[in-house]
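Participant: So the protein lines, in turn, are chains F and Y.
For the first sequence, numbering that gives the first Met the number 0 begins at 0 and goes up steadily by one.
For the second sequence, numbering that gives the first Met the number 0 begins at 0 and goes up steadily by one.
It is possible that some hints are incorrect.
Which bits of chain F does chain Y cover? Going by a derived footprint, with three or more residues having C-beta under 8 Å, they are [to be verified]:
id: 1; segment: 24-32
id: 2; segment: 66-74
id: 3; segment: 80-90
In short, the hints are calculated from the structure, not lab data.
Note that the Cβ used here is the ideal one computed from N, Cα and C, for glycine as well.
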Amino acid sequence: MAKVTFIEHDGLEQVVDIPTGWTLMQGAVQSGVAGIEGECGGSCACATCHCYVDEALVDFLPPPSETEEEMLGCTASERRSNSRLSCQVRVSDALDGIVVRLPEAQS
Amino acid sequence: MVIVGAGQGGLQVAESLRAEGYDGPITLIGEEAAAPYHRPPLSKAILAGTMEEAQLAIRGAEFFERQRIALLSGTRVAAIDRSARQVRLEDGRRLGYRGLALATGARVRRLPISGDELDGVLGLRSLDDARRIRAALERAARVVVIGGGYIGLEVAAAARKRGLEVTILEAADRLLARSATPFLAAFYADLHRSQGVMVELGAKVVGLDGQGGRVAAVRTADGRPHPADLVVVGVGIVPNTALAEGCGLACDSGVLVDDCARTGDPAIVAVGDCTARRTTTGTLLRLESVQNAVEQGRSAAAALLGRERPFTAAPWFWSDQYDVKLQIVGLSADHDRIVLRGSPQDRRFSAFYFRRDALVAIDSINRPADHMVGRKLLDHKAVITPEQAADENLPLASLTRPGR
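Here chain Y stands alone, though its shape is the one from the complex (with noise of 0.2 Å):
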């Protein structure tokens, strides 16, 4: 078994192969040097320096070994030769393999602007790239985040709560446009804000100007310069899908797989951020989490040992800035309805979406125990009505037996 990348997906089709009992080669291959790691905290802890670079390999040298899973780290794959079923790294050896599994996660985003290149502008999705942005941190005074997705908000908060100057730049009329609702996007802007963050929404970035070849200030649309001795840009990212269509797998946003994880190859499977998923319903689904890595990986494993376990369990997601921990699940996107629970005012709530009275999503603010019982009531379908949703006095865990 070949497995073309080692983040949380890669590695998680690995063990789960191990895990159903596959006793033969396992070869995990992966471009950085870095042993797989857990990413999550690059944007928090790591950023906040209250993290060793140590602790975030996901395992030790000695588990890769127990488990004989050879590791090829630094290592690129040039090319998959499906009819020959070989893999060819970029240094020309050639791995045969039986069963194949995709984990080439997703790059960076950049800006189709002047100026990308200048130093201090920065993106954050590898350890690397977590370790510039830190060591930028330590000297620069003020920052502008480009984009108001998770990863921007994470760093701004990482870089304020260091006492720097942060400006927040998102083009669209509010934060977390592509992931979260106009309510929740509402209650985050307002804690930036109260955190002595500049937010400015509608703010189209055209240009970012140098001197000496660093970058001095971003500008946008409406002429404004905005000083700035680090510009991180988080505008999203974009799945590695080269090597799938280079040998003729079908893309569409992301490698297309299904439930189960499998490509149009029965030989092939595609897990994590560079898949996008066709479910039964038809729709495509798009989760970048860590969630989506380690179930599709199960579903890999089992998939390319011809068993059937479909990934379909709610989507579930964290972020963690200052001292809120928000946790979603669900799909919120076409709500018609929203509940609360608790009290924003506390910052501590959890907001229930409705889609013609059936549950679809919750946002958790500072509610882990919401959550936690929200994920069963959706994976279960419970019945919950939004009154019961709404009523403290109603322990929600009491509805978590399965809907008729």
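With the rest of the complex left out, here is chain F (with noise of 0.2 Å):
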């Protein structure tokens, strides 16, 4: 279980426990984060669940495959150096306490 702080774009704050092994779409989707769409339910399919995740993290999360790569060159908005989809990153204790920040849109 770890607590993941999502930080909407236009800075609203939404604190979510998520279960181990589950990704982090999936528990900000189940309680309603807006900025995560998360159309195809999470199979690294439509590139609607972006996020930006700690940049601490980033070098500690397994890098993204190939599909994720691709579909992160297609994101609405921005693309940057933290950039994931949230479908592709599970969640672990080592997460606990990590702040998430969502982009402006999604599609």
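Fit chain to chain and form the complex, with the hints in mind.
Facilitator: Shown next as structure tokens:
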């Protein structure tokens, strides 16, 4: 379980408890975090769950798969060095307390 | 507002009503016990055992409370009284409505042959279905899949990944006959055969043989038995139109709606798998996809509030089998030319379909960026020539400005 703080583009913060093994997207969408759509349900097929993870986490997380890498090139908002698709980031205890910022638009 | 059907489309109507500023009561009625859940993983991660059921829920309980969406699970609707603007539940209760959305989904098409009722013969539509198939896969050695559509192929892939002996029996002379091009169908026949699946085309199933009430074999018209301890039937779905027909709404292989998800009754909209769309060009479009449920859900909510929000984006769809991700955008049915970008041998390519030199659809295999750009190309009616589509040195994104 990890407590994850999602910060919407407009600054609104929401703290969500996400079970280990779930993805950031699943935790966020089930809790109704508005800035994440996740239309394809988490199969890395729609690029509507784009997020910016903690800079400090970028190198700690397993790197994006080839598919995620390609989809990150197609996000509606700017891709940055800490861009990830939240459906591809699995939660573990080590992520407890992290901050995830959300882009202006997902589609 | 009352919504009948608590799948992806029904939930979307509820959410979009709130997003559009509707502040009044919303009741979402679902037959299944579970709260609205994602269906696509049922034939993939759930069968593979790599996803917990709790992860399937689209929204958590708190979300429904916060959005003031009253979810009536495990509840059946018996009839709709349009003149009284009431929905009658099976337990006799009546719910009045100002606006009504039908999101009744579809059910698995049964095989019109003997033995359909034997134990071990299963279809896949609901979470309960997926639970049964997953449990059966854990005991089975030989699986026969009847029907070479997406559900059949995804179940075959899941069973094969578990090391089971798998046969696909398809009555047509190719896979994916109703939904994909012969080119893509041939690719998938090769893919499954390379994974050790027996793919039998032109294999018309005439009967199911049982032993002690359990299925033992599938018989095809050529007289051959195909031994099986699990049979998964994936021969399509039948839209649930009984409620709509019962109250006199027009139906034709689905509840008929326009691009804004409106039925003939201004107080009633319909969304998702239960619908057939009469497009502005007059053709009848039946789409069975998440995108269709979501987009029609948004259109329907707008329509219930008196606003027009047509769903005109190019249809898109995906399927995951083995390590192959397919993403489709557009409608390829009447293409007259195929152009490839990338390499089918490497299982990394896109097939661009043209009709009279205009792009109509793209199938992408492990080329997600092509798909994402392709959606823009089609939505913006961008001009792209077959030569440009085939030119790997030309970035597709450079073409996404609107056509003239």
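Participant: Does each hint fit the structure? Answer for all of them.
Facilitator: Evaluation of the provided hints:
Here's how the segment 24-32 of chain F fares: 5 of its residues keep a CB closer than 8 Å to some CB of chain Y, so the rule of at least three is met and the hint holds. Interface restraint, the segment 66-74 of chain F with chain Y: holds (5 residues with C-beta to C-beta distance below 8 Å; minimum three). Using a Cβ-Cβ cut-off of 8 Å, 0 residues of the segment 80-90 of chain F lie near chain Y, which falls short of the minimum of three, so the contact claim is violated.
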